[in-house]
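Visitor: Make a model of the complete structure from these sequences and hints.
Protein chains: 2
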Amino acid sequence: MANPEKFDIIIVGAGVVGVASAYYLQKNNPDKSILLIDRLPAAGQANTAMSAAAVRNMFASSTNQLLTDTTIKFIEHIQSELDHDLMFEKTGYLWLLSEKKFKHDSVQMWMQRMKNSSIHYQVYEKDELKSMIPGLNVDFEGDEEAELMNLEQVDYGLFGADCGVLDPTKLVEFYLEEFKTMSDVKPMFGVNVTGLTLVADPPLDLPGEPHVWQNKRVGGVKTTEGDFKADTVVLTTGTWANELLDPVGIDSRTKAKKRQLFVVHAEDKEPLMDILFSRGFNDLGCIPFTILPSAGVYFRPQLQEKGFWVGCGDKFGRAYHYVQQDSYDNGESSYYENSIYPVLSKYFPGFQDSRPVNSWGGGYCYSPDAIPLVYKTNGIIAANGPSGSGIMKADAMARIADALYRGETHAELFGGKKMEANALSLQERKVEIESVII
Amino acid sequence: MANPEKFDIIIVGAGVVGVASAYYLQKNNPDKSILLIDRLPAAGQANTAMSAAAVRNMFASSTNQLLTDTTIKFIEHIQSELDHDLMFEKTGYLWLLSEKKFKHDSVQMWMQRMKNSSIHYQVYEKDELKSMIPGLNVDFEGDEEAELMNLEQVDYGLFGADCGVLDPTKLVEFYLEEFKTMSDVKPMFGVNVTGLTLVADPPLDLPGEPHVWQNKRVGGVKTTEGDFKADTVVLTTGTWANELLDPVGIDSRTKAKKRQLFVVHAEDKEPLMDILFSRGFNDLGCIPFTILPSAGVYFRPQLQEKGFWVGCGDKFGRAYHYVQQDSYDNGESSYYENSIYPVLSKYFPGFQDSRPVNSWGGGYCYSPDAIPLVYKTNGIIAANGPSGSGIMKADAMARIADALYRGETHAELFGGKKMEANALSLQERKVEIESVII
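The listed protein sequences derive, respectively, from chains A and B. The numbers in my numbering rise by one with no breaks, and the one at position 236 of the first sequence is 236. Counting from 1 along the second sequence, just add 1000 to a position and that's the residue number in my numbering.
Hints may be right or wrong, so weigh each one.
[Claimed, not checked] One-sided and incomplete, this derived list gives chain B residues near chain A with beta-carbon spacing under 7 Å:
{"#": "1", "residue": "Phe1074"}
{"#": "2", "residue": "Met1149"}
{"#": "3", "residue": "Asp1246"}
{"#": "4", "residue": "Pro1247"}
{"#": "5", "residue": "Cys1312"}
{"#": "6", "residue": "Phe1316"}
{"#": "7", "residue": "Gly1317"}
{"#": "8", "residue": "Arg1318"}
{"#": "9", "residue": "Asn1378"}
In short, the hints are calculated from the structure, not lab data. Just so you know, even glycine gets a beta-carbon here, dropped at the ideal spot from N, CA and C.
Guide: Here is the structure:
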């Protein structure tokens, strides 16, 4: 067998975290050869493309606040200063909350922590909301159906103006193109990484090595196009992490869960157009990304196609999987009809009789505390588990991965803020549990 | 379809944690109907039976110290006061350590925490060890092979006299027989639980319920013998936890890993008999359960068959799995020959030319912090993830599961010590990371 080709770094997975990692690793280690591999025909085509592509800095943990706030500011920087249009639009994020939930310790702590981190937000009361969104139903007095459905009324709106939506393929393109201008190694697309190679360190060339008494590390990857060697393998594989990490005995701590988005068009439907163009929240004159008080139902405005992308963050009752399943690819119309629609049309009667014109599915890569895992161990650097918010954390995660590669104790995030490089690690994790996941 | 039979509690998995849970739940809730189910033809036949069946209270986390110390004291109580012979023998546990490791912060903290918890231990120096175990090789001066193998020399022995070995099938029998005398429900063996049933709460009898806007909980199990309903399903499934919990959207946080044991006979082999009957450690006049300084190799004495059970706690490099695999069942002779034997025979030259007469495999159920997970959520009580020490934690884990069932804030462990009932939960976990896992 020919000696496998060798690189300094192999990056597995060209989603948004992978291409951002490629960019920072090459930028800060210009002499290193970096091979970027993805099993799909191009970058950013898996869950990055399937995402609702909304970004928010309104998290409850100071870690997620830092990761997202700096990433979003870098997104703004790309668009406004580097003149690379990402179609980033500051629609804002709006949580609709019952009084009970608003007064709950967890929401009060969330707001307090945002204050501490200078994350701007605004509280709207019911009457203001009602006047800004006339199509919003704020209470269900006497509605027995709503009571059976456990629907909480709307008493408050928690709004963040620095949040928004973007086109993730354009963000992927930015990182990838910049990486390609710096790198001598052509990225490989359509190549599936089937396993990690374990090597003895030092090698003794014994049959079956590495044995338990040998030092060992990951020394490369096996792919559908043959084996490649590397000093460091960077894993930005999202919902496929376990497939590569479990066989070498590393617990990724992540699990995959299906999410779906349903496209509802508003054009020619006055009640939906009225909801979509609710004024007063932003310069776009549109409704923000909105999270309903109950059942995890949410939607984002989609101004280009004059409509909404509707989703649902179901927790208990929606299966986890070891790795992403093929069944994640499709939206299920019965899910919209029986689970999402009944809730949506109660809060926003304008959605009555709405039917999605399109739908798709993708995977969330959950960590147990809903904060990403970025760590270096045994020849691997892994950056995974963004828990549904990879696009809004990618820039920070990639900078941390690069700091770990260079052996720095701290990563410098966009705007100069520092973060301990091992704060997101498996062993020295220093994070609060994130309570605001959608 | 006939209306499924209903129980107050269904316990899935009749390993040692399952039968202990059945015992405490029935004892403290005498009016409740409790069905115990296992897919094997009898209790305790899966990983409980495959274990090295050694018990120790020498852990580094105060949580594991409390769980094991009270469980071992209950084991002694069963044997000496309840006159139920468990073949529990206090062989002791002996860690052989290099000076570097002994002086390391983690070992110093381990000893300090044992002192704080009144866990008795003793430190032997090299010369004492040498005189008590003449067959022990304490250094490898000039041995190039040993250097290539990264073998650390023996400078210290850390010994715990309150540790030992037992027959786990007898412990399982104790709990099961006691449970059966109290219960009106006959345990079901040879019945495989294939899934958990999710029910809407309250039920609305809608097709496809529970929908996302309904409250839901686990309301029973699907089995190869039909469906059964229950108010509470207790999961003591060890390495199969993900198979049942992932589909309902609960991350068990556990992973399975294969472990193997190899039986080496000492009879008629003087050097091995000399090692086996090393005197001075215990009243049995035998060598303790012994952990070598390098590569995770360990053995336990087996006095009845005059020999050793030899194993290896390999960490990085040994695959994790989502659930236990069929390939766990067998010992691999090449693993003994290439990985274990070279290490064992360096420290104990008496093992030279030894070949195992028997071997078997089983599964460890790891949690990320090597401390069990016991929690109540959505109709489930789960007690899993003992991380290779289920037998020595089962009694305490079962008492905590019962306290959670009864809604108590604290569990009373054997000897009257209390533990917060939610200390081992997913959400309110209050534990130190355990550093002394074998």
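Visitor: Against which earlier hints does the structure fall short, listed by number upward?
Guide: Hint 1 alone not satisfied by this model.
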